[in-house]
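Student: Each chain is listed here by its residues.
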Amino acid sequence: MSGQLVAVEINQQQAELLDRLVAQGVGASRAEVLRNGFAGFCADQMALPEPAE
Amino acid sequence: MTIRLDHVLEPGSGKAVEVRRGEVVRVEQLEGGQCADFNAFNLHDYREFFHCGRTRVLHGMFPTAGDMLWSAPPRERPMFTIIADTAGINDLSFPRCTGVLFEYAWGYETHTNCQDILAEAEREYGLTPDDVHDSFNLWMNTKIDADTGRLSVERNTSQAGDYVELVAHFDCLVVVSVCGADVFNTSNFSLKPLRLAVRTATADERVEWLLPEARRFANQRVVEDFKIKEIRTERELSRDPTYVADFPGFPIRTTSVEVELTDDEYRQLEALRSHGGFGATDGEVLRHAFFTWCLDHWMQPHP
Ligand SMILES: [Zn+2]
Numbered sequence: 233m234s235g236q237l238v239a240v241e242i243n244q245q246q247a248e249l250l251d252r253l254v255a256q257g258v259g260a261s262r263a264e265v266l267r268n269g270f271a272g273f274c275a276d277q278m279a280l281p282e283p284a285e
Numbered sequence: 006m007t008i009r010l011d012h013v014l015e016p017g018s019g020k021a022v023e024v025r026r027g028e029v030v031r032v033e034q035l036e037g038g039q040c041a042d043f044n045a046f047n048l049h050d051y052r053e054f055f056h057c058g059r060t061r062v063l064h065g066m067f068p069t070a071g072d073m074l075w076s077a078p079p080r081e082r083p084m085f086t087i088i089a090d091t092a093g094i095n096d097l098s099f100p101r102c103t104g105v106l107f108e109y110a111w112g113y114e115t116h117t118n119c120q121d122i123l124a125e126a127e128r129e130y131g132l133t134p135d136d137v138h139d140s141f142n143l144w145m146n147t148k149i150d151a152d153t154g155r156l157s158v159e160r161n162t163s164q165a166g167d168y169v170e171l172v173a174h175f176d177c178l179v180v181v182s183v184c185g186a187d188v189f190n191t192s193n194f195s196l197k198p199l200r201l202a203v204r205t206a207t208a209d210e211r212v213e214w215l216l217p218e219a220r221r222f223a224n225q226r227v228v229e230d231f232k233i234k235e236i237r238t239e240r241e242l243s244r245d246p247t248y249v250a251d252f253p254g255f256p257i258r259t260t261s262v263e264v265e266l267t268d269d270e271y272r273q274l275e276a277l278r279s280h281g282g283f284g285a286t287d288g289e290v291l292r293h294a295f296f297t298w299c300l301d302h303w304m305q306p307h308p
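One line per chain: the protein sequences are F and P, in this order. Under the numbering used here, the first residue of the first sequence is numbered 233, with each subsequent residue one higher. Under the numbering used here, the first residue of the second sequence is numbered 6, with each subsequent residue one higher.
The hints are simulated quantities; they were obtained by calculation from the structure and are not laboratory data. Small disclaimer: the values here were computed from a predicted structure and weren't measured. Backbone N, C-alpha and C define an ideal beta-carbon position, used for all residues, glycine too. A few of these clues could be false.
Estimated spans, in silico, between C-beta atoms of each pair [to be verified]:
| hint | chain 1 | residue 1 | chain 2 | residue 2 | range |
| --- | --- | --- | --- | --- | --- |
| 1 | F | Q277 | P | R258 | 27 to 33 Å |
| 2 | F | Q277 | P | G58 | 28 to 34 Å |
| 3 | P | E229 | F | N243 | 51 to 57 Å |
| 4 | F | N243 | P | N224 | 18 to 24 Å |
| 5 | P | H280 | F | E248 | 29 to 35 Å |
| 6 | P | T267 | F | E248 | 23 to 29 Å |
| 7 | F | L249 | P | S279 | 25 to 31 Å |
| 8 | P | P79 | F | E248 | 17 to 23 Å |
| 9 | F | L249 | P | P134 | 26 to 32 Å |
| 10 | F | A260 | P | N224 | 26 to 32 Å |
Over 10 Å on every C-beta distance to chain F, these chain P residues come out as not near it, computed from the model [as the list claims (entries may be wrong)]:
| hint | residue |
| --- | --- |
| 11 | R52 |
| 12 | V158 |
| 13 | R221 |
| 14 | T238 |
With the hints as constraints, model all of the structure from the sequences given.
Tutor: As structure tokens, this is what we get:
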């Protein structure tokens, strides 16, 4: 994957949540969980109906 | 089913009653159109009491049958479940009415008000006016303006025979007042009696409604969890010279996680950043998007 690296600052409590999501199979690592969640957010945004003008 | 207490609350009065775990307290309209204020304490530890705020967030401004009344943090556990509510016009937005309200609004030197009525009723159990707390307002027909957030009171639509029943999940002291507000719309500009009764729950009701006694979450704190277990007796506050701060989870430490995005994903991130409202840097935008997704997909909706 030739992509862009983005540095995300998280604290120990947020890291704990990420580790739980790793354990639940959302991604293989904290970085992958963050990436999959970001992709999920973008997919959710796409699924929203266009605002009526 | 046994009725253990059956009491008529005359206008201008209130009553404190013990309601044991598995008992049902019932407040009933005798004539209709009367608001009642409801306070509650843990019978074995009065420092645990009913909390409008937590209840409001979990069940909305107008709790009704099926909703629970919660105690204040840090205890934060269900005190009661509303098992019947024939009119469905209850409120959690207004504080109890007070003597000051009638004095500044109307110039009354003395006027019936829930603060004083509840205080006088709970004095039977040694509680003081400072122990009265904001009420669950039974049959208070309130509205909230969605734009301004201003609150208003509309005509009380309850009828004779309407009742609210609540089952207690632990032993409580319940204090109910006939709301003393007769120069506001709360009770249609007249004060009327109410019936207050306590009965045992039926076997079916116990099965359907009664929650287990054990605490469900470690953060539902009990006195044993407190660093100071005694109740203060002095009114004056003074500094403890031996105090050393010990905040849970402190200190907060941050780490950086490198996330590799595809070119496509990075273009989406750039679009979000230039759209605004998600953060100033790539990392902030990604973090905002990630935790928003977590909230939508991974948060437990209700305790
Ligand atoms: Zn009142």
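Student: How does the Cβ-Cβ distance of L249(F) and S279(P) compare with 25 to 31 Å: does it lie in that range?
Tutor: 28 Å, holds
Student: Could you let me know if the closest chain F CB is still more than 10 Å away from the CB of R221(P)?
Tutor: 19 Å, holds
Student: Indicate whether the distance between the beta carbons of Q277(F) and R258(P) respects the range 27 to 33 Å.
Tutor: 31 Å, holds
Student: I want to verify a distance hint. Is the separation of the beta carbons of L249(F) and P134(P) within 26 to 32 Å?
Tutor: 44 Å, violated
Student: Given the hint of 28 to 34 Å, is the C-beta distance from Q277(F) to G58(P) inside that range or not?
Tutor: Holds - the Cβ-Cβ distance for Q277(F) and G58(P), about 33 Å, lies within 28 to 34 Å.
Student: How does the Cβ-Cβ distance of N243(F) and N224(P) compare with 18 to 24 Å: does it lie in that range?
Tutor: 19 Å, holds
Student: If I take the minimum Cβ distance from V158(P) to any residue of chain F, is it greater than 10 Å?
Tutor: It holds; V158(P) is separated from chain F by about 35 Å at its closest Cβ, greater than 10 Å.
Student: That 23 to 29 Å hint for T267(P) and E248(F) (C-beta), does it hold up?
Tutor: Given a distance of about 28 Å, which is inside 23 to 29 Å, the answer is holds.
Student: Against the range 26 to 32 Å, how does the distance between the Cβ atoms of A260(F) and N224(P) compare: consistent or not?
Tutor: Given a distance of about 31 Å, which is inside 26 to 32 Å, the answer is holds.
Student: For R52(P), is the shortest beta carbon distance to chain F beyond 10 Å?
Tutor: 29 Å, holds
Student: Should the label of T238(P) as a non-interface residue stand, given a Cβ cut-off of 10 Å to chain F?
Tutor: Non-interface label stands for T238(P): nearest chain F Cβ at 37 Å, farther than 10 Å.
Student: When you take the CB atoms of P79(P) and E248(F), is the distance between them in 17 to 23 Å?
Tutor: This hint holds: roughly 21 Å between Cβ atoms.
The structure fails to meet hints 3, 9 from the earlier list, while all remaining hints are met.
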